[in-house]
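Q: Residues per chain, in single letters:
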Amino acid sequence: MSLTTGPQQSAAIPLDPTADRSAQGRFVDRMSQWPWWLLIIVFFGVLIVWNAMTSELYSAIFSRLLLGIGVTIFTTLVAYSLAIIIGLIAGLGRVSQNPIIFNIATLYVQVIRGVPILVQLLVIAFVIVPIVIDGINLLGSALAPILGGDNFLTRTKPQDVPFLTRSIIALAIAYGGFQAETFRAGIQSISKGQMEAARSLGMSYLQAMRYIILPQAIRRVLPPLGNDFIAMLKDSSLVSVLGVRDITQEARLYASASFRFLETYTSLAFLYLTMTIVLSLGVKWLENRLNSEGRAQG
Amino acid sequence: MIVIKHLVKQFGSLRAVDDVSLTVGRGKVTVIIGPSGSGKSTVLRCINHLETPTSGEIWVDGIHLTHDAKNINAVRAEVGMVFQQFNLFPHLTVLENVTLAQRVVRKRSEAEAREIAMQQLTRVGIPEKANAYPSQLSGGQQQRVAIARALAMNPKIMLFDEPTSALDPEMIKEVLDVMLELARSGMTMVVVTHEMGFARNAADEIVFMDRGRIVEQNTPEEFFTNPREERARAFLNQILR
Chain A
1 MSLTTGPQQS AAIPLDPTAD RSAQGRFVDR MSQWPWWLLI IVFFGVLIVW NAMTSELYSA
61 IFSRLLLGIG VTIFTTLVAY SLAIIIGLIA GLGRVSQNPI IFNIATLYVQ VIRGVPILVQ
121 LLVIAFVIVP IVIDGINLLG SALAPILGGD NFLTRTKPQD VPFLTRSIIA LAIAYGGFQA
181 ETFRAGIQSI SKGQMEAARS LGMSYLQAMR YIILPQAIRR VLPPLGNDFI AMLKDSSLVS
241 VLGVRDITQE ARLYASASFR FLETYTSLAF LYLTMTIVLS LGVKWLENRL NSEGRAQG
Chain B
299 MIVIKHLVKQ FGSLRAVDDV SLTVGRGKVT VIIGPSGSGK STVLRCINHL ETPTSGEIWV
359 DGIHLTHDAK NINAVRAEVG MVFQQFNLFP HLTVLENVTL AQRVVRKRSE AEAREIAMQQ
419 LTRVGIPEKA NAYPSQLSGG QQQRVAIARA LAMNPKIMLF DEPTSALDPE MIKEVLDVML
479 ELARSGMTMV VVTHEMGFAR NAADEIVFMD RGRIVEQNTP EEFFTNPREE RARAFLNQIL
539 R
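Residue numbers (the working numbering), protein chains in the order written: chain A, 1 to 298; chain B, 299 to 539.
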């Protein structure tokens with residue numbers, strides 16, 4: 001029986017596996033603990049930054065890309081904030097006892113999760129926004145007796161909505177669908193007894209949500225929400241297909257004019273990587289802090 | 299104070315409560331006992347509408363409990379409840395646990411709520427833990443905070459759902475002592491418990507339930523020394539040994 005030889009063999013090995021290690025062995029152990037991946041990234045980062053400062057080509061690329069950094073950051077921040085609000089409302093809808101609210105929220109989440117973000121961007125920018133503008137125009141004509149035939153509602157044209165705005169709306173709606181599920185999971189992870197205790201004290205459903213359930217649920221979903229922020233930063237590059245001049249669009253324009261594809265796109269990738277690594281270290285720090293607080297408070 | 303008529307609660311194919319009628323007078327302590335799964339807790343949870351009755355009627359302090367949300371909140375504000383699992387709010391301090399509903403539901407000022415909270419925490423014997431978080435307390439202390447939290451709302455009725463069942467043996471007494479003091483102060487109480495000592499000392503009436511029905515309703519002296527029903531006698535033999 002080969003199974004029975006296992007424990008007998010292992011009995012010959014000293015109980016403490018490190019007791020008998022040479023100094024060299026311990027050094028190898030410690031080396032294997034290092035975050036080599038981060039060192040490699042930092043190495044290439046230094047290389048690229050050094051290039052950017054010494055090589056004329058790279059400094060030209062970077063000064064071009066940095067023209068778009070404001071748009072990238074603005075798009076990410078605004079779309080993310082809107083997505084949080086949409087996601088919280090839709091997430092509350094997903095745990096609602098009211099069948100109408102539940103079905104509206106579920107319809108939204110299922111549609112959003114089943115359509116690629118790039119396609120959503122195109123649909124919202126070229127289909128939904130024009131339809132909404134048509135609706136506003138119709139409303140304007142309907143209100144013509146009050147506001148006059150030529151009022152601000154009938155004057156609104158699709159061109160009045162810049163593509164930056166359309167991109168932000170599209171990203172917010174897309175991410176709201178994912179965050180709805182994050183919030184739903186967080187709310188459902190809080191034990192039923194919390195809601196019962198709050199209700200038995202006479203609080204309404206909404207009061208119990210606001211004071212008891214959400215504060216605990218949101219704490220729990222902060223790390224996944226942080227990861228969503230990183231994902232949003234990366235997906236903000238999609239707005240370049242609408243011609244919005246974020247860093248990706250600037251890189252595309254520069255590369256196609258100069259034919260310096262390798263240098264331009266490597267720099268672009270590095271720029272994203274720098275931002276996402278800094279952010280993911282931030283999420284990690286947040287996770288650790290919440291964990292240690294969680295231990296203190298149970 | 300509480301009138302229950304022909305209460306039925308059905309969970310799928312299981313009839314957890316089967317035609318229960320019960321009256322609890324003002325200032326009376328009613329202890330419901332019985333084997334697990336006999337529907338004791340469900341009756342209790344119907345009184346403040348944490349469970350929606352399948353049929354039957356309930357009046358609490360003259361208010362007819364219907365499905366109307368306003369009605370339910372009105373009853374809940376008058377009925378305090380203590381749970382087996384304490385259900386303190388872990389993200390709030392002890393003091394905040396006791397003041398929150400006072401401010402949100404009773405609309406009391408911060409200062410007033412705090413004063414009442416400290417009175418109730420003193421009453422249950424742990425005013426010094428006001429600024430601690432629930433996780434820093436023992437089970438017995440947590441349950442006493444839960445009692446203080448319910449009392450701070452000035453309820454007319456207190457419901458206890460197996461309040462000592464999740465406690466280590468050495469902490470049971472501190473909770474029972476608080477409940478005993480409360481019973482003697484004239485609070486109307488309905489208690490589901492397996493603590494026969496408490497039932498004997500504090501109860502005005504014992505209700506023995508089995509399989510969703512009330513089998514025997516009696517004074518504690520009669521019930522514990524000379525139960526009328528065979529099922530009750532068998533249960534007592536099991537539990538008292």
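No wet-lab data here; the hints were simulated from the structure.
Don't take each hint at face value.
Take a look, some chain A residues computed to stay more than 12 angstroms from chain B by CB distance [as the list claims (entries may be wrong)]:
| no. | residue |
| --- | --- |
| 1 | Tyr-58 |
| 2 | Gly-70 |
| 3 | Leu-201 |
| 4 | Met-203 |
| 5 | Gln-207 |
Straight-line distance between alpha carbons at most 30 angstroms, and here's what the computed BS3-like set of lysine-lysine pairs gives [what the hints assert, rightly or not]:
| no. | chain 1 | residue 1 | chain 2 | residue 2 |
| --- | --- | --- | --- | --- |
| 6 | B | Lys-303 | A | Lys-192 |
| 7 | A | Lys-157 | B | Lys-326 |
| 8 | B | Lys-326 | B | Lys-303 |
| 9 | B | Lys-471 | B | Lys-454 |
| 10 | B | Lys-326 | B | Lys-454 |
| 11 | B | Lys-405 | B | Lys-303 |
| 12 | B | Lys-471 | A | Lys-234 |
| 13 | A | Lys-284 | A | Lys-234 |
| 14 | B | Lys-405 | B | Lys-471 |
| 15 | B | Lys-405 | A | Lys-192 |
| 16 | B | Lys-454 | B | Lys-405 |
| 17 | B | Lys-368 | B | Lys-405 |
| 18 | B | Lys-368 | B | Lys-471 |
| 19 | B | Lys-471 | B | Lys-303 |
| 20 | A | Lys-192 | B | Lys-368 |
Don't be surprised by glycine CBs; every beta carbon is placed ideally from N, CA and C.
Q: Determine for every hint whether it applies to the structure shown.
A: Hint check:
1. Tyr-58: 50 angstroms, holds
2. Gly-70: The assertion about Gly-70/A holds, with a minimum of 38 angstroms to chain B.
3. Leu-201: 4 angstroms, violated
4. Met-203: The claim breaks: Met-203/A does not keep its Cβ more than 12 angstroms from every Cβ of chain B (closest is about 6 angstroms).
5. Gln-207: The claim breaks: Gln-207/A does not keep its Cβ more than 12 angstroms from every Cβ of chain B (closest is about 5 angstroms).
6. Lys-303/B - Lys-192/A: Roughly 28 angstroms separates the two Cα atoms, so the pair holds.
7. Lys-157/A - Lys-326/B: 73 angstroms, violated
8. Lys-326/B - Lys-303/B: 18 angstroms, holds
9. Lys-471/B - Lys-454/B: 24 angstroms, holds
10. Lys-326/B - Lys-454/B: At roughly 11 angstroms apart (the allowed maximum being 30 angstroms), Lys-454/B and Lys-326/B satisfy the hint.
11. Lys-405/B - Lys-303/B: Violated: Lys-405/B and Lys-303/B sit about 33 angstroms apart, past 30 angstroms.
12. Lys-471/B - Lys-234/A: Since the Cα atoms of Lys-471/B and Lys-234/A sit roughly 59 angstroms apart, the hinted pair is violated (cutoff 30 angstroms).
13. Lys-284/A - Lys-234/A: Holds, because 18 angstroms separates the two Cα atoms, which is no more than 30 angstroms.
14. Lys-405/B - Lys-471/B: 34 angstroms, violated
15. Lys-405/B - Lys-192/A: Given that 30 angstroms is the threshold and the Cα spacing comes to 25 angstroms, the pair holds.
16. Lys-454/B - Lys-405/B: Distance ~18 angstroms between Lys-454/B and Lys-405/B Cα, so the pair holds.
17. Lys-368/B - Lys-405/B: 16 angstroms, holds
18. Lys-368/B - Lys-471/B: 38 angstroms, violated
19. Lys-471/B - Lys-303/B: Distance of about 34 angstroms is beyond 30 angstroms: violated.
20. Lys-192/A - Lys-368/B: OK: Lys-192/A and Lys-368/B at ~22 angstroms, within 30 angstroms.
Against the hints set out earlier in the document, violations occur for numbers 3, 4, 5, 7, 11, 12, 14, 18 and 19.
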